[in-house]
Amino acid sequence: MPSPVQVRCCDASGCRSAGSQALRTALEGARDAAGLDPSQLTIKPVGCLRQCGSGPLVACDRPGRTQLFGGLAPEQAGALIAEATADATAVPASMADGLAAHRIDLEGPFFALQRPVVLEGCGQVNPESIDDAIAFGTYAQLQRVLQELSPEQVRDEVRRSGLRGRGGAGYPTGLKWDTVALQPPGPRYVVCNADEGDPGAFMDRSVLESDPHRLIEGMAIAAYAVGAERGFVYVRAEYPLAIERLRLALQQARSRHLLGNHIHGTSFNLRLEVRVGAGAYVCGEETALLLSIQGQRGMPQPRPPFPAQSGLWGAPTLINNVETFTAVPAILREGGDWYAAMGTEHSKGTKVFALSGAVVNTGLVEVPMGTPLRTVVEVIGGGVPDGSPIKAVQTGGPSGGCIPAERLDTPVDYESLVELGSMMGSGGMVVMGQSTSMPEVARHFMGFSVNESCGKCIPCRAGTVQLAQLLDRFVERRASPEDMERLDALCQMVKVTSLCGLGQSAPNPVLSTLRWFRHEYEAACREPADALATGRVR
Amino acid sequence: MAVVTLNVNGQDVAVPAGASLLEATRAAAADVPTLCHLDGLNPVSSCRLCLVEVEGSNKLLPACSTAAAEGMVVHTHTPRLREYRRMAVELFFAEGNHVCAVCVANTHCELQDMAVTVGMDHSRFPYQYPQRSVDASHPQFTLDHNRCILCTRCVRVCDEIEGAHVWDIGSRGGQCHIVAGLDEPWGQVQACTSCGKCVEVCPTGALFRNTDTTAEKQPDASLPALLRSARDQHRWHNQ
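Going down the list, the sequences are from chains A and B.
If you count the first sequence from 1, position 218 lands on 218 in our numbering, and the numbers rise without skipping.
If you count the second sequence from 1, position 121 lands on 121 in our numbering, and the numbers rise without skipping.
Note that these hints are calculated values from the structure, not bench results.
Just so you know, even glycine gets a beta-carbon here, dropped at the ideal spot from N, CA and C.
Please note that a few of the clues may not be correct.
What the hints assert, rightly or not - Which stretches of chain B does chain A cover? Using the computed rule of at least three CB atoms under 8 angstroms from a CB of chain A, they are: (1) 16-23; (2) 129-136; (3) 197-204; (4) 228-234.
Stated by the list, open to error - Far from chain A by the CB rule (all over 12 angstroms, computed), these chain B residues: (5) A27; (6) G163; (7) T213.
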C-alpha cells in the first residue's frame with residue numbers, strides 16, 4: 001500500500017542536471033528529521049515530470065490534492081515536507097511563501113492542454129522498479145494479448161488505431177506490422193530505434209529514462225504480433241542514464257519471466273537486448289541502424305528491399321521508434337478506435353514534442369495531433385520569455401524547417417508540416433525569437449549535416465560542404481545574387497539525388513528559410529554595406 | 001526464362017526477370033552514365049549518376065540497384081537528370097585534387113571521360129583543395145588519396161571477388177577515405193595478396209602500379225564480370 005502522502009522527485013537527466021539528486025537526499029533527511037518513516041511519507045524517484053525548464057521538479061501527492069514545485073533548493077526540503085504532511089495552516093507563513101513562489105499550476109495551460117498517452121507513466125512510476133510499473137498496469141496488456149488475442153487481432157487493433165511511425169516519416173504502423181508478419185515463415189526481428197539524434201529532441205530519452213517497462217511491453221506485443229522471437233533496442237551512447245535504466249528494466253523483466261521463454265505460460269518466446277550506438281547520427285536511418293546492430297559500418301543502403309522484407313541478417317525486421325512502441329499498450333488497453341478518435345483525419349492519436357528555445361515553458365509536451373502550432377508554442381509553451389512575438393518555430397531538427405509566425409495556426413500533423421516545407425521529424429520543436437537570423441540557423445543545421453554525413457553518396461558528402469560554404473557567404477554578408485541561384489539549385493540537387501533520408505532532407509532548413517525569409521538572404525547580398533552599417537537585416 | 005518488358009525513352013525492351021534497370025537501359029542503348037557501378041560487383045548506388053525517372057515514382061531511382069519491372073516507363077536523359085549529373089560530376093572534381101596533366105590515368109580515366117560525357121568543362125563550385133596523403137608503402141602499387149572518388153570498387157572487388165577485404169572506408173562525410181587493413185600503411189597489411197584487382201577496377205588514378213607514370217595506366221575494369229561468370233557459370237572468356 002502506498003502511503004497516503006507521496007513525494008515524487010524527478011530523476012530524469014534534465015532535473016538531475018538541475019540538482020534533483022541533492023534535493024531528494026535533502027528531502028529524505030528532512031523526513032527523518034520530522035520523525036516520519038517511509039510508510040507515512042514515501043519519497044520516490046520518478047521519471048520526467050515534463051516541465052523540464054523549471055527543474056528540479058517535485059510533485060507532492062496527498063489524498064485529493066497534487067501539487068508540483070519547480071526549482072526548489074535543498075534548503076527548502078524541510079518546508080516541503082512540512083507542507084506535504086501538515087495542514088496548510090500549520091506551515092509557518094514565511095515558509096509557505098517561500099514555497100508558493102515555486103508552485104507550478106497544474107491547472108495551467110502547460111498541463112491542462114496536454115493529453116498524456118505515451119507519457120502517462122512518465123513521472124508516475126519509479127523507472128527502476130518493476131513492481132511500481134506493474135502496480136501502474138504495465139505488462140497487463142502483454143498478458144491479455146498473449147492469453148486472449150491472436151497476432152492478427154493485435155495487428156487489427158493497431159491498424160484501426162491509425163498509428164503512424166513517430167520517428168518522423170509517419171509510415172502507417174499497422175501496415176508495417178502486417179508486412180513483416182506476412183513474410184514467408186522463418187526468423188524475424190523487432191528493433192526499436194532509440195537513436196534519437198536531432199538537436200532539440202529529447203522525447204525518446206525521456207521515455208527510456210522514465211518508463212522503460214512500457215517500451216518493453218510495447219515491443220513484446222509487437223514481437224508477438226509479427227512472430228519475432230528476438231529483438232534489439234538501439235540506443236545512442238549519449239544517453240547513459242537511459243541505457244542504464246533500460247538494461248535494468250530488461251533484467252527485471254527477465255527475472256519475472258516477462259521476457260524469455262514461455263512468457264505467461266504460452267509458447268511465445270522473446271529475447272531483447274540493448275545495442276549502444278557509437279555516435280553517428282546517420283545510424284538513426286533504419287538501414288544504417290540495422291548494419292550497425294550487425295557490427296558493420298553504419299551506412300544507408302538503397303531501399304527496396306525494405307527492412308520489413310530483408311533486415312537484420314536478411315530476415316524480415318520490424319523497426320519502429322520508441323514513441324511508436326510505447327503507444328501500443330495504451331492502444332490495446334483502450335482500443336484502436338479510442339486512439340483513432342484523437343487527432344486529425346490522416347494523423348491519429350497524440351504526439352510528444354520536446355519544446356525548447358525562446359519559450360517560457362521548456363519541456364515535454366504531448367498533445368493530440370492537429371493541435372495548432374500556436375497553441376503548442378504560445379499557450380502551452382507560454383511564448384517568448386520577454387513577451388515579444390515569435391519569429392519562427394523549427395521542427396524536425398536538421399531534416400525539418402522553420403515555420404514562420406504567420407503560419408502558426410497550422411495544425412500539427414504530418415501532411416501540414418510537409419506542406420510548409422518542414423516535417424514532423426521525431427518531435428523536436430525549437431522556438432525562435434525576433435533576434436534569430438535565419439541564414440545563421442540554416443548554416444548551423446547545414447554544419448550539422450556536414451559533420452554527420454556518412455560520406456557514401458556524392459550529393460550529401462560534397463554537396464553539403466558546398467552548401468555550408470555558400471551559407472557562410474550569406475552569414476558573413478559577402479554573397480552575390482549568383483550565390484542565391486547556386487544555393488537554390490544545389491539544394492534541389494542534394495534533396496532529389498541523395499541516397500538516404502538524411503541527404504534528401506539536409507537542404508530543408510535552407511529551403512524553408514529561403515521560402516519564408518528570403519528577404520534575409522537578399523539583404524545579405526543586395527546591400528551588404530548598408531546592412532553592416534545599420535546592423536539591421538532589412 | 002521469365003522476361004519483363006518495359007519502355008525506355010520511348011523504346012520497348014525485354015530483359016530477363018531479375019535484371020536491373022541499368023541492364024534494361026543498356027538494351028535500349030540509352031547510355032546511362034555510371035561511375036561506382038561495375039558489372040560483377042554488388043551495386044552501392046553512391047555516385048548517383050545512373051538516377052533515372054520512372055513514371056509513377058515520385059523519386060529518382062538508381063538504375064544500378066533498381067530491379068526492372070513489367071510495364072515501367074523510364075526516362076534516362078531528361079533536362080533535370082542531365083543537370084543533376086553535371087552537378088554531381090562537378091562535385092566530384094571540386095572535392096578532390098584532380099590534376100589530369102600529371103595523372104597516371106590521364107586519357108584512361110573514367111572520371112575524365114564522365115566530365116566529357118556530361119558536358120562539364122569547369123566546376124561552378126569552388127575547388128576544395130583538401131590535404132590528402134599518398135600511400136606508397138606497397139612494393140607494387142600506390143594509393144593516391146587525392147584522386148580517389150570513393151566509388152568503393154576497390155573495397156568491393158577485394159571483398160567480393162578476391163575475398164581478402166583489405167579495403168574499407170574510414171571516417172565520415174568529407175573526411176571519408178579508403179583505409180587498408182586496420183587503417184595501416186598498405187604495405188603492412190598481411191591480408192593483401194597483391195593480386196592487383198583493386199588497381200584494375202579503380203576508375204581514376206587513385207590506385208596504380210608503381211611502374212606507371214603519367215598517362216600510362218591501362219586498367220581493365222572488365223575483370224570482376226569475367227571472374228564472376230567464370231565462377232558462377234564456369235564460363236571462361238577464352239573458351
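Outcome of the hint check:
no.: 1; hint: 16-23; in the structure: violated (count 0)
no.: 2; hint: 129-136; in the structure: violated (count 0)
no.: 3; hint: 197-204; in the structure: violated (count 0)
no.: 4; hint: 228-234; in the structure: violated (count 0)
no.: 5; hint: A27; in the structure: holds (22 angstroms)
no.: 6; hint: G163; in the structure: holds (17 angstroms)
no.: 7; hint: T213; in the structure: holds (29 angstroms)
Hint compliance for this structure: hints 1, 2, 3, 4 are broken, all remaining hints hold.
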